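Novice: So the chains spell out like this:
There are 6 protein chains.
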Amino acid sequence: GALPHLDESGHARMVDITAKPVTARTATAGARVRMSAEALELLSAGELPKGDALAVARLAGIQAVKKTPDLVPLAHPIAVHGVDVALVPGTQGVDISVTVRTADRTGIEMEALTGASVAALSLIDMIKAVDRSAWIEYVRIDHKSGGRSGEYSRDRR
Amino acid sequence: GALPHLDESGHARMVDITAKPVTARTATAGARVRMSAEALELLSAGELPKGDALAVARLAGIQAVKKTPDLVPLAHPIAVHGVDVALVPGTQGVDISVTVRTADRTGIEMEALTGASVAALSLIDMIKAVDRSAWIEYVRIDHKSGGRSGEYSRDRR
Amino acid sequence: GALPHLDESGHARMVDITAKPVTARTATAGARVRMSAEALELLSAGELPKGDALAVARLAGIQAVKKTPDLVPLAHPIAVHGVDVALVPGTQGVDISVTVRTADRTGIEMEALTGASVAALSLIDMIKAVDRSAWIEYVRIDHKSGGRSGEYSRDRR
Amino acid sequence: GALPHLDESGHARMVDITAKPVTARTATAGARVRMSAEALELLSAGELPKGDALAVARLAGIQAVKKTPDLVPLAHPIAVHGVDVALVPGTQGVDISVTVRTADRTGIEMEALTGASVAALSLIDMIKAVDRSAWIEYVRIDHKSGGRSGEYSRDRR
Amino acid sequence: GALPHLDESGHARMVDITAKPVTARTATAGARVRMSAEALELLSAGELPKGDALAVARLAGIQAVKKTPDLVPLAHPIAVHGVDVALVPGTQGVDISVTVRTADRTGIEMEALTGASVAALSLIDMIKAVDRSAWIEYVRIDHKSGGRSGEYSRDRR
Amino acid sequence: GALPHLDESGHARMVDITAKPVTARTATAGARVRMSAEALELLSAGELPKGDALAVARLAGIQAVKKTPDLVPLAHPIAVHGVDVALVPGTQGVDISVTVRTADRTGIEMEALTGASVAALSLIDMIKAVDRSAWIEYVRIDHKSGGRSGEYSRDRR
Numbered sequence: 001g002a003l004p005h006l007d008e009s010g011h012a013r014m015v016d017i018t019a020k021p022v023t024a025r026t027a028t029a030g031a032r033v034r035m036s037a038e039a040l041e042l043l044s045a046g047e048l049p050k051g052d053a054l055a056v057a058r059l060a061g062i063q064a065v066k067k068t069p070d071l072v073p074l075a076h077p078i079a080v081h082g083v084d085v086a087l088v089p090g091t092q093g094v095d096i097s098v099t100v101r102t103a104d105r106t107g108i109e110m111e112a113l114t115g116a117s118v119a120a121l122s123l124i125d126m127i128k129a130v131d132r133s134a135w136i137e138y139v140r141i142d143h144k145s146g147g148r149s150g151e152y153s154r155d156r157r
Numbered sequence: 001g002a003l004p005h006l007d008e009s010g011h012a013r014m015v016d017i018t019a020k021p022v023t024a025r026t027a028t029a030g031a032r033v034r035m036s037a038e039a040l041e042l043l044s045a046g047e048l049p050k051g052d053a054l055a056v057a058r059l060a061g062i063q064a065v066k067k068t069p070d071l072v073p074l075a076h077p078i079a080v081h082g083v084d085v086a087l088v089p090g091t092q093g094v095d096i097s098v099t100v101r102t103a104d105r106t107g108i109e110m111e112a113l114t115g116a117s118v119a120a121l122s123l124i125d126m127i128k129a130v131d132r133s134a135w136i137e138y139v140r141i142d143h144k145s146g147g148r149s150g151e152y153s154r155d156r157r
Numbered sequence: 001g002a003l004p005h006l007d008e009s010g011h012a013r014m015v016d017i018t019a020k021p022v023t024a025r026t027a028t029a030g031a032r033v034r035m036s037a038e039a040l041e042l043l044s045a046g047e048l049p050k051g052d053a054l055a056v057a058r059l060a061g062i063q064a065v066k067k068t069p070d071l072v073p074l075a076h077p078i079a080v081h082g083v084d085v086a087l088v089p090g091t092q093g094v095d096i097s098v099t100v101r102t103a104d105r106t107g108i109e110m111e112a113l114t115g116a117s118v119a120a121l122s123l124i125d126m127i128k129a130v131d132r133s134a135w136i137e138y139v140r141i142d143h144k145s146g147g148r149s150g151e152y153s154r155d156r157r
Numbered sequence: 001g002a003l004p005h006l007d008e009s010g011h012a013r014m015v016d017i018t019a020k021p022v023t024a025r026t027a028t029a030g031a032r033v034r035m036s037a038e039a040l041e042l043l044s045a046g047e048l049p050k051g052d053a054l055a056v057a058r059l060a061g062i063q064a065v066k067k068t069p070d071l072v073p074l075a076h077p078i079a080v081h082g083v084d085v086a087l088v089p090g091t092q093g094v095d096i097s098v099t100v101r102t103a104d105r106t107g108i109e110m111e112a113l114t115g116a117s118v119a120a121l122s123l124i125d126m127i128k129a130v131d132r133s134a135w136i137e138y139v140r141i142d143h144k145s146g147g148r149s150g151e152y153s154r155d156r157r
Numbered sequence: 001g002a003l004p005h006l007d008e009s010g011h012a013r014m015v016d017i018t019a020k021p022v023t024a025r026t027a028t029a030g031a032r033v034r035m036s037a038e039a040l041e042l043l044s045a046g047e048l049p050k051g052d053a054l055a056v057a058r059l060a061g062i063q064a065v066k067k068t069p070d071l072v073p074l075a076h077p078i079a080v081h082g083v084d085v086a087l088v089p090g091t092q093g094v095d096i097s098v099t100v101r102t103a104d105r106t107g108i109e110m111e112a113l114t115g116a117s118v119a120a121l122s123l124i125d126m127i128k129a130v131d132r133s134a135w136i137e138y139v140r141i142d143h144k145s146g147g148r149s150g151e152y153s154r155d156r157r
Numbered sequence: 001g002a003l004p005h006l007d008e009s010g011h012a013r014m015v016d017i018t019a020k021p022v023t024a025r026t027a028t029a030g031a032r033v034r035m036s037a038e039a040l041e042l043l044s045a046g047e048l049p050k051g052d053a054l055a056v057a058r059l060a061g062i063q064a065v066k067k068t069p070d071l072v073p074l075a076h077p078i079a080v081h082g083v084d085v086a087l088v089p090g091t092q093g094v095d096i097s098v099t100v101r102t103a104d105r106t107g108i109e110m111e112a113l114t115g116a117s118v119a120a121l122s123l124i125d126m127i128k129a130v131d132r133s134a135w136i137e138y139v140r141i142d143h144k145s146g147g148r149s150g151e152y153s154r155d156r157r
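Residue numbers (the working numbering), protein chains in the order written: chain A, 1 to 157; chain B, 1 to 157; chain C, 1 to 157; chain D, 1 to 157; chain E, 1 to 157; chain F, 1 to 157.
Honestly, I wouldn't trust all of these hints.
One copy or two, either will do: identical chains are not told apart, so a pair holds if it fits within one copy or between any two.
As the list claims (entries may be wrong) - Here are the simulated BS3-like pairs of lysine-lysine, each with C-alpha atoms no more than 27 Å apart in a straight line: (1) K20 - K128; (2) K67 - K128; (3) K20 - K67.
Read the hints as simulated data drawn from the structure, not as lab findings. These figures come from a predicted structure and were not determined experimentally.
The task is simple: from the sequences and hints, build the whole structure.
Specialist: Here is the structure:
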């Protein structure tokens, strides 16, 4: 009763959302790719060996949003109505922000997090020839709206 | 010549690895999922509403390794000969370590990073009902061996 | 007219369901994996070499439900709102039951059958090192509700 | 404002369709596979080495319609409610026509074009042993209905 | 040591096959779809509403073989060098036999079983409008060859 | 005997290539997207509403090469070692050329054709807001090398 994700034996299941209303929902997730000064300089100057790094990461993020139910075992397949991926080079790396929109029966937070993670992974792939120590940090939900639990904004870490 | 990932117009491409030798290779990637004390306690006590959280994350990580070329646009599809996923609850969250093995023409680092990222995402999905602020940090390559560039071990951050 | 799955030349097609109403629907499918007494004993004692056999099969079943339109050529892609997979070891093997729920324009029986089949296949994969003669039997719809054809319960074979 | 597919920095995004109404829509796309007289004769006589060529192409087209959002990066995943694939051998090759139906928030033209293209590719695969010069031409939208832009019929080229 | 599919904590993993030799291997799996006399008569007379039932099931089986590592969580992705699917209508239903061939580091039994299962599921989908009680039985390995464990032929059940 | 793609009953199958040698192979396929003068002008001036059209099409083509065995039913899954996609705007549209490289047991022509087709489809998707009559023509193999049948170069149509 209190634990809808468990069946009576305590095992994982995909909880039934048939009775939930369809409502407009959004979620924004962020991630940061940290890299060497050299890699960042090449990226900012557009001189990375795999030059289209930001374009590749942006598209990989958009496409990954659509693959979320195939990656996260208990995620419901839901409609994906809009995706924005922003990639902003800064002083220590690249900040990634992914906003996803839907009108469906459950939240779209996992879709936003998956988009941010895969954009970050693809960025790593594009720069790993010049910096094999690059890493991803702070993959998190920044904001969500819609659904029964309503609005949520992350306090800064 | 110097920039094998670019065609003559400077555009991204999948660089030709036909001439590279098949060699045994391994890569180990790590990630950490940070969560509230309450979520961690429920997880350690095996009382999370979605109880099989670690089992779900482990399988999601193994399966994601196989999906790397579908997620990372310029990644080569390569053989995947072995995958280990370890998930260790600690004082501030869960440490994830993914080791991948192959014998193929190019490195398997992206596969390890993808496995670690998706295991982390799946863990977030399993605990988000009790902690919607959980986040992922420090997704990185810890070790690799094999191939022309040989052995690499990460210095601690 | 009478044969909606055929075009005018008698060829297979995906029949148009645009005009059908969205209604709540459920389907329950079952399957049984038969195995040696030794394999069953190891499984019941939790001593199978691939120990998480039931957890792996359960997750594989849930994920396969989502892949039904990719596996069954003429199946419509439909919403999947809930999935339960039960695995019950008995005297001759393991009984699998998969219940799927949706609110959509067509039935969800193929999704339930696909989930049961892939859970069974994954169980075979987990025990094949100790019993290479294990087999699957009696994959069938046990119950469905919703839609124009209404309720259906299988008579025992 | 005027360019909904661009974010403020001019980058590609998946435009938000949450506010668009769900309406019934259809699209019909065509393609033509050109081949040698010998290949066409074998095909018409049902004597092609890979005899089921038309059946294989038909199913490949139906299945590809369902994969459109996985192939076309910025395509929205939408419901697919019906698919018809017609393959008509003529004097110079085989004419392919794919009609797709949905009730959703955006058009289904890309799904029809993808179905026609993949049916054509599969036909090439089936005849390439007897004609390695076969090619595809004139992949186009012939007709669409539904949605804000309403009815469209192609003028003959 | 004795349990290669378990890591040191007893958790499932994809066992490392890097050191195993590449050898030619085959596996043949079978399955049977049971159906009503009416459905079988329509099928044998080629008068099923979804007439291409056998062709659809055959192609679905071939394609499913290629998807095995995506369906069975711990299965290794391996080369698939050849697939034959036979469907033989009999007195009580349709017998399915799938033979798969490879040259790789591990066995191809799961691929054969997956092909037989999905061919059977697709056949059910094609006849369910005329027989909603049809079921699948006896999904099993009939024969395998190659690899360390050598030849195996099933004793009749 | 003479028709390796047919089983003894005349049905389609995936022909066994286990005994074929692994050899280096390449294939180059081309396609052309025809569009209005206005669309072409916006594209050449970099002022298309979906500005990254060429980058999106290039990545879609590379990724589609990897999905060929999932799209073309009887295609063997083979290694993909390198992919180049060139997109050249001309006076009547955009010329697409895709070169694919492998070392495997069978040809890579279908991979090249699939890459060219999906790059073209993605380009259509990017321009359809400004030209809904755009079409694809002349999808063909321009060149192949390697394998038993050796070198082939297309005569101009």
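Novice: Compare the structure with each hint and give your call.
Specialist: Structure-based check of each hint:
In the homo-oligomer, the alpha carbons of K20 and K128 lie at most 27 Å apart only across protomers (18 Å), although the nearest pairing inside one protomer, at 44 Å, exceeds that limit. Taking CA atoms no more than 27 Å apart as the test, K67 paired with K128 passes in both settings, with 24 Å inside one copy and 19 Å between copies. In this assembly of identical chains, K20 and K67 lie within 27 Å of each other by CA distance both inside one copy and across copies; the values are 23 Å within and 23 Å between.
Of the numbered hints listed earlier, not one is contradicted by the structure.
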